[in-house]
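In this note's numbering, the protein residues as written are 3 to 62.
Rather than coming from a laboratory, the hints here were simulated on the basis of the structure. Any given hint could turn out to be false.
Cβ-Cβ distance ranges computed for the label pairs, FRET-style [unchecked claim]:
id	residue 1	residue 2	range
1	A23	I43	14 to 24 Å
2	M3	Y55	42 to 52 Å
3	F50	G30	22 to 32 Å
4	I43	V17	24 to 34 Å
5	E5	G30	39 to 49 Å
Ideal Cβ placement from N, Cα and C applies to all residues, glycine included.
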Amino acid sequence: MIEIAIMLIAILALVYAGVQAFLILREGEGTEEMRKIAQAIQEGSKAFMKRQYTTIAIVR
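Could you build all of it, start to finish, from the sequences and the hints given here?
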């Protein structure tokens with residue numbers, strides 16, 4: 003019985019996540035200033051991840 007409850011909760015969580023993703027992606031991208039800020043954040047995060055992967059590759 004507990005296994006069924008766990009599966010049901012997991013399925014409901016996935017459905018909830020899907021609905022939230024749909025609602026967020028449906029929204030507009032915002033003003034020009036917001037898009038510029040978002041682009042700067044994306045570039046910074048890509049640079050950070052590249053540095054992290056490079057560091058991990060060297061350490062391994």
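Each hint, compared with the structure:
no. : hint                     : result
1   : A23 with I43: 14 to 24 Å : 19 Å, holds
2   : M3 with Y55: 42 to 52 Å  : 45 Å, holds
3   : F50 with G30: 22 to 32 Å : 27 Å, holds
4   : I43 with V17: 24 to 34 Å : 29 Å, holds
5   : E5 with G30: 39 to 49 Å  : 42 Å, holds
Going down the numbered hints, you'll see the structure goes against none, and every one checks out.
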